[in-house]
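Residue numbers (our numbering), protein chains in the order written: chain R, 26 to 348; chain H, 26 to 348; chain X, 804 to 1158; chain F, 804 to 1158.
No wet-lab data here; the hints were simulated from the structure.
One should not assume that every hint holds.
[As the list claims (entries may be wrong)] Straight-line Cα separation of at most 25 Å, DSS-like style, residue types lysine-lysine; simulated pairs:
| hint | chain 1 | residue 1 | chain 2 | residue 2 |
| --- | --- | --- | --- | --- |
| 1 | H | Lys220 | R | Lys167 |
| 2 | R | Lys220 | H | Lys280 |
| 3 | X | Lys850 | R | Lys284 |
| 4 | F | Lys850 | H | Lys169 |
| 5 | R | Lys220 | R | Lys280 |
| 6 | H | Lys220 | F | Lys850 |
| 7 | R | Lys167 | X | Lys850 |
| 8 | H | Lys167 | H | Lys220 |
| 9 | R | Lys169 | X | Lys850 |
| 10 | R | Lys169 | R | Lys36 |
| 11 | H | Lys167 | F | Lys850 |
| 12 | H | Lys220 | H | Lys280 |
| 13 | H | Lys284 | R | Lys220 |
| 14 | R | Lys169 | H | Lys167 |
| 15 | R | Lys284 | R | Lys220 |
| 16 | H | Lys36 | H | Lys220 |
| 17 | R | Lys36 | R | Lys167 |
| 18 | H | Lys167 | H | Lys36 |
This one's a predicted model, so the numbers in the text were calculated from it and none came from an experiment.
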Amino acid sequence: MTDPTTERSPKARFDSLSGSVDERLYSQMTLIRQFEERLLQLFEGGELFGTTHCCIGQEADAVGILNHLDERDIVFSNHRCHGHFLVYGDRPELLMAEMMGKAGGLVGGRGGSQHICYHGFHSNGVQGGIVPNAVGMAMAEKLKGTGGMAVVFLGDGTLGQGVVYEALNLASLWSAPVLFVIEDNQWAQSTPVEKELAGDMVARGRAFGIRSGEITSTDASEIYAHFADIVASVRETGRPRFEVVHTYRLCHHSKSDDKRPREQVEARRVGDPVPLLARRLDPSVVARLDAEAGRRVTEAEEHARSLPFPDPSTLEDSLVSAR
Amino acid sequence: MTDPTTERSPKARFDSLSGSVDERLYSQMTLIRQFEERLLQLFEGGELFGTTHCCIGQEADAVGILNHLDERDIVFSNHRCHGHFLVYGDRPELLMAEMMGKAGGLVGGRGGSQHICYHGFHSNGVQGGIVPNAVGMAMAEKLKGTGGMAVVFLGDGTLGQGVVYEALNLASLWSAPVLFVIEDNQWAQSTPVEKELAGDMVARGRAFGIRSGEITSTDASEIYAHFADIVASVRETGRPRFEVVHTYRLCHHSKSDDKRPREQVEARRVGDPVPLLARRLDPSVVARLDAEAGRRVTEAEEHARSLPFPDPSTLEDSLVSAR
Amino acid sequence: MSRLDESERELNVLGSLNGALHSILGDDDRVVVLGEDLLDPYGGAFKVTRGLSDAYPDRVLTTPISEAGFTGVAVGMAMRGLRPVVEIMFGDFLMLAADQLLNHASKYTWMYEGKVDVPLVVRTPMGGRRGYGPTHSQSIEKHFIGMPGLVVVAPSVFHDPGALLRTAVVDDDRPVLFVENKLMYARPLRRIQGGRVGDMAARVDDARYPTVTLSYDDFRDADVTLVAYGGMAELAARAAERLLLDDEVVCEIVLPSSLNPLDLTPVRQSLARSGRLVVCEEAAPIASWGSEMIARVSAEAFDLLEAAPVKVAARNLPIANTRDLERAILPQESDIVAAVTRAIGSHTTPVHLAG
Amino acid sequence: MSRLDESERELNVLGSLNGALHSILGDDDRVVVLGEDLLDPYGGAFKVTRGLSDAYPDRVLTTPISEAGFTGVAVGMAMRGLRPVVEIMFGDFLMLAADQLLNHASKYTWMYEGKVDVPLVVRTPMGGRRGYGPTHSQSIEKHFIGMPGLVVVAPSVFHDPGALLRTAVVDDDRPVLFVENKLMYARPLRRIQGGRVGDMAARVDDARYPTVTLSYDDFRDADVTLVAYGGMAELAARAAERLLLDDEVVCEIVLPSSLNPLDLTPVRQSLARSGRLVVCEEAAPIASWGSEMIARVSAEAFDLLEAAPVKVAARNLPIANTRDLERAILPQESDIVAAVTRAIGSHTTPVHLAG
Ligand SMILES: Cc1ncc(C[n+]2csc(CCOP(=O)(O)OP(=O)(O)O)c2C)c(N)n1
Ligand SMILES: Cc1ncc(C[n+]2csc(CCOP(=O)(O)OP(=O)(O)O)c2C)c(N)n1
Ligand SMILES: [Mg+2]
Ligand SMILES: [Mg+2]
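Just chain R, with the same shape it has in the complex:
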C-alpha cells in the first residue's frame, strides 16, 4: 500500500504523481475535502464519538506548504490536522481508523482526531505547546546534521499563547531551521480575530528577529509557489521563518458549533480553494480526481470499519517506545 521511497517524503510523492501541478494539488485537496465530509457524515450518523476539527476552506495551506518537505523533515500540527496529515502521510485509511478508534489506527485509537503521529508527523491538542516542541525537533536535526527542518502550524488564535513567543525567541537566538506557519482563518473557535489579537501578526514574528511574511490566498498553486522559496530558505540558511497565511474556515470550529454571521461565511465561499482550483482544470480531470478521491475515502472507511477496536488488555503496552 505504501511506496518506501515516498512514504516519508511528501515532496517525492508529489513529484511522482502524474498531471500538472494544479491537478496534483487538486487531487490532494479533493481527497482532504471528501475525507472530512465523510467524517462529518459519520459523526452525524453516530458512528464517530468525541469531536473533530475540519479544515474545510483551508485545504490550500496543507497542499501548498507540505509538498515541499522531504523525508528528513518534521511536521507538528494542531487540532486541525487532517489536511496536514493527508498531505504528509497520504494514508487516509490510517487516519480514518484512528477516527473510528480502531486498533490499526495511526495511534491505535489512543489519540483520536488531534493526537496523532506518523513518522515525522505529529499533532497535539493543547494550543501553543507544540511550538517549542517543533523548535526542539528542528534543533535536534540541526545538531545531528541531517539537514532536516520542521514546520509547525498554528492558528491566529494561538498567537495568544505566551509559549509561542518563547519559542520564537529561542528559534531565533539558536537559529533553528523551523517554519512557523500561521493559518489565520480569522476566527479562534467563536472569537473573531479582532477580539483575540492586538497589533499585527507579521510584526510579531519580525519583533523576534525572524524573517516574516504573509500571503492572502486560498489558491493552492499560489501558496505552493510562495512556499517553495520559503522552505528552501529555511533549509539553506538554517534560520527560522514566520509566515502568515490569511485564509478562512468555511466549516464550523469543531463538529457543529458555528455561530459566526451567516453572511460572512457565505461571502467567503467564493474563496473556497477546491472549486477555485477546479475551475482552472479540465472538468473531466476534476471528475476523475474527485471520483478517485471518493473511492479512496470509501476504501479508507471500509478498511477502518473492518478493523477491531483495541483490546483493553493492550493498555499497558507502549509505556516506553518500541524503538
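Fit chains H, X and F with the ligands to the known structure of chain R by using the hints.
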C-alpha cells in the same frame, strides 16, 4: 513619620520637596544608593540572611518614572525593587526592617527583599507573572473609574517570558491603563542581552499594537522629563504604553555573583547616575543631600535593629486579609 | 441568547451554575467573568456562561487563548477589589495557569501579611467519558490540592452547585479553584428535601462548602463508607444502590465539596459506624485526592479503621480517545462495587471478588 | 573555569552531580544541557553545571528566561533522539513548565502508541532553609507526582546522586523530573561501604533508582520505620541517632530515590519489623508525597501497621523569608523526634510529647 497627603502619592511628595528638580531627584537617588550600599555591608557583616538584588546604576529609572504617579496609582515591581519602593513609599525604615526580617517590616519579614507590599506598591520574585497582575490591576481601576493607572517594571531578560506577551496582548485588546517599563540593563543575571533576546525590544511592544518607545539614559532629569508625557498619555488615553530604558547595572546581580567582563563594567561607570547628576549640582547641596540621606539610612537601620523578630505564633495570622 | 430557561435551570447542573452566574453578576457589580469564547451567542464551550455577555456586556470579557495571562489579569483584578470568575475552557489546560495559582494568587495575602485579598474563582470543567482524548479528558485537580492558600471546591449533583459557586465568588476572600465535572453538566440535580434524597437519608453539614452524607439505613448502621466527589458522586450512589439490592451491603456515601481544606468530621462520623473506607475519584491514582483522604484517615482516625482502605481511581495512564479504552481506563460503577466488596472481605459472595 | 576539582567532586552532592554531568556529556554526544545562566564562568546559579560549557560549548545552551519554552524545546529534542537535560533554576518555577510535562513530555510515548520516546531529564533545586523567601524556597515536586508517564527521582546524601543522574539521562527513556534539595548540595556524601554507613547498617536494593535502608540494629529489630527522601534524609538520620541515644528508640530509615513510581517493598520489609510508620518531607503537608506513601501503606500493608502513621512536613503555609519564621514553618529534626515519639506512644518520656 508619614504625611497623609503624600503617603501614597509619589508625585505629591516630590512636589512638596524643596529645591530644583535635579536636587530633588538627587536626594532620592542618593538615598537609594546609600540604602543599598548599607544593605551590602550588612550582608557582608552577616547581619542579613538570604539574598538581595540591588539597582546600583539604575536609580535614575525609579526616580525618573515613579515621581509622576499619584495616590490612585499602582506599581508592580520585581526582584530589583528597592529603588522603586523607596521612591514610591519613601519609607527606608520599613524596607530595612523587612530586609532584617523583623516584625514591623513591610510585610513582617515574611517576604524579604523581593516580596513586598505597601499601599499600591507590590513586588514578587517570579519573573514575568507580575505583568498580567499589573494589567489586571489597571483594568480594575478602569472598571471602577478611579482614574488610576499601573506601572510594571521588567528587565530585558524577563522579555523571554511568554506571559509578558499574553499580558501585552490583553492590555492592548482591552485598553488597560498600564505602563510597561523595560529596564534594559543589558544583562539577565549572568547572561548578556544578545544571548537572551532576539530581535528588537521596542518592536515587541509595537507588534501588540501598543505605543512603544525607548530612551538610552542614566540621567535622572532626562528620564523624568521623558516619562512626564508618557505617564500623562497612559492616563489620558486609557491605553497601555511600552517604554524601554536602556541602562546598566553597576553592581552584581544578587549579593556577590558578578562574572561580567571587568572592563565592560568599568567603562559604564561614567554613566553612573548618582555622580552624573551630582556634577550638575552645587557641591554643598550634594554634601547636604548625601548627609541627609546617610542619616535616614542610619536611622532606618537603627529603627530596624530595634524591632523584634516576628513571633512564630503569628504564623497563622493573615490567612485572609485584614480588610 | 438569554440565560437558560427556568425549567432547565431548575433541573440540571449546567442550569444551576448558569443561573448562579446570572444572579451573581446581577447582584454584585464587582463580579467580572473572563475566559475563552464566552460571548453570546456562543456563550462558552460548555455553555455555563450562556447569556451572561448579553446581559452584562461590560463585565464579561472574552479572552485570547492565554490561560496564564488572563488568569494573571484576574489575580490583579481581585487584588484591587473586583471579584473575578475565570473559566479555563478545559481543566486539562490549567497547568498553563498553574504558576499564577501557586506563586501569585495563593501567595499574596499571606506573604503580604494580609495587605491584600485575592478573591478569585477559577472554574473549569474536568473529566472524561466523552471521547475527547488524552488532552481534553483529565481530572487534574489533584495537582492543585495542597498549595497553601488555594481552596479547591467541587460540587456534585447532590450539592447545590450554583450555591457553592455563589459562595466562592461572593463570600470567600481566598482564591478558589472550582472544579466542574463535565459529564455532570447535563445531569439532573438530586435535591435533598426533608432530610432525604431518593431512597436515602441525607445529612448536610453547615460548613461553608458543605459535605453531604447519604445513608440507606438512616445513619443507623453501615458496612462501608464510600467517599467521593464531583462526577463520581452519582457513580458511588449507583454502586451503593446495586450493593444494597444485590448483596445487602449498606453503604454510607460521604460527598465533600471542599477538596481542600478537607474537613474529616463527616468521614469520621461515618467510619465510626462502618469501619471501612472506600474512596472514589476519576483522577489518575497516584498522589491524588483519594491518597490524601486515605492518608488523613489513617493518620487521624486509625482506630476507626477495621480494614485496609481501598481506593477507586483511573488507571495510571493517559486517557485514550476510543471508547472501550477510555472506559477501561476510567473508574466505573463496577469498580466501586468491586472495591466495596474487597473492603468488606468475607461478607460478600466470591463472584464479586473477581470483578 | 573547569569542573570542580577532584576532591570536591568526591566529597559532596554538588560535586557528584557536576562530575556526572561532565562524564555523561563526554560519553554520549546525544546529551545536551539547557537552562538559564549555565555558561561559564558563571556556570549556573547553583554551580551544578560548572565547567560544562567550557568543555562542551556546542551542547550546553544557556537559555532566555522562558521555562515553558526551553523545556518544550528539550521535549522536541528528546523526541528526535537527543537526551536533553534541562535545569530549572529554582524548583519554584517549575509550574511554568508544568503543561509541557503534563500534556507533552509525559503523554507522547503512550499517546502515540510507542512511536516516540521522550528521554528528557528536568533537574531542579528545591527546598528552603536559605532565607530566599516564599517564591524561592518551596518543595513543589509533590504537584508533579502522579502524572502518568512522568518519573520523579530525588537523590539524598546516602545515594550516589551522580549515578542516579546518569541513569536518568542515559538509561531511562522516560521523562524524569530530578529533584535536588538545594541545601544538600554542600553536604558531604555518606557512602555506603561494606553494608554500613557510619554507625548504621545499610541495604541498597537493586532497583533502577535504588532505595537505601538504614538500621541501627542490623535490621534485627526496629521500633519505627522512618521514611524520607532528598534533604530530609539527613534530618531523619540525625533524629534517629538522637532517639537512639536519648531514648533507646531504634529507627529504621527508608530512603527511596524514586518518588514515582514508588516501590513499597523496602518500606514493607521495614514495617514488618517495626509496625510503625513516620514519613518525613519538606513540602507543605497536604496531598504530598508523604500522603501518597501513607495511603499506599495503609491500602497495601494495613496489617503491618500497629499504630497510626505519622507525617512530618512543613506547615501549610508559604515559606517566610525571615529565619525564625522559616524555621518554624519547615520541618526540623525535633519535629521528627516528636513524630517518632508520637508514633510509638507510651514508649517515651512525656517531655517529648510536648515537643
Ligand atoms: C491551551 C488551549 N486553550 C484552549 C484550547 C481550546 N481550543 C481549541 S482550538 C481553539 C481555537 C484555536 O484557534 P486558532 O488558533 O485560530 O486555530 P483554528 O481553530 O482557527 O484553526 C481553542 C480555543 C486548547 N485546545 N488549548
Ligand atoms: C521565572 C523565573 N525564572 C528565573 C528566575 C531567576 N532570576 C531572577 S532575576 C533573573 C534575571 C532577570 O533579568 P532581567 O529581567 O534582565 O532583570 P535584571 O535582573 O537585569 O534587573 C533571573 C534569571 C526568576 N526569578 N523567575
Ligand atoms: Mg483561527
Ligand atoms: Mg537585565
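Would the pair Lys36 (chain H) and Lys220 (chain H) pass a check requiring their Cα atoms to be no farther apart than 25 Å? The given pair, whose Cα atoms are some 38 Å apart, is violated under the 25 Å limit.
ask   = Has the given pair, Lys167 (chain H) with Lys220 (chain H), been kept, meaning a C-alpha gap of at most 25 Å?
value = It is violated: about 38 Å lies between the C-alpha atoms, which goes past 25 Å.
Practice task
Measure nothing beyond the straight line between the CA atoms of Lys220 (chain H) and Lys850 (chain F); if it is 25 Å or shorter, mark the hint as holding.
Solution key: Given pair Lys220 (chain H), Lys850 (chain F) holds - Cα atoms ~19 Å apart, limit 25 Å.
| Does Lys167 (chain R) lie within 25 Å of Lys36 (chain R) when you go C-alpha to C-alpha? | With a Cα-Cα distance of about 20 Å, the restraint between Lys36 (chain R) and Lys167 (chain R) holds, given a limit of 25 Å.
Within a Cα-Cα threshold of 25 Å, do Lys220 (chain H) and Lys167 (chain R) meet the stated pairing?
Holds. Lys220 (chain H) to Lys167 (chain R) sits at ~19 Å (cutoff 25 Å).
Under the criterion that the straight-line Cα-Cα distance not exceed 25 Å, is the pair Lys284 (chain R), Lys220 (chain R) satisfied? Holds, at roughly 15 Å.
* Distance restraint between Lys220 (chain H) and Lys280 (chain H), which requires alpha-carbon spacing of 25 Å or less -> Answer holds: Lys220 (chain H) to Lys280 (chain H) is near 23 Å, not above 25 Å.
### Query
Lys220 (chain R) and Lys280 (chain H): Cα distance at most 25 Å?
45 Å, violated
Against the 25 Å threshold, does the CA-CA distance of Lys850 (chain X) and Lys284 (chain R) hold or violate the hint? 13 Å, holds
### Query
Taking only the CA atoms, is the gap from Lys169 (chain R) to Lys36 (chain R) under or equal to 25 Å?
This hinted pair holds, its Cα atoms lying about 22 Å apart.
inquiry  = Run the distance test for Lys169 (chain R) versus Lys850 (chain X): straight-line Cα separation, threshold 25 Å.
reply    = Violated, because 48 Å separates the two Cα atoms, which is more than 25 Å.
Lys167 (chain H) and Lys850 (chain F): Cα distance at most 25 Å? 46 Å, violated
Going down the numbered hints, you'll see the structure goes against 2, 4, 7, 8, 9, 11, 13, 14 and 16, while the others check out.
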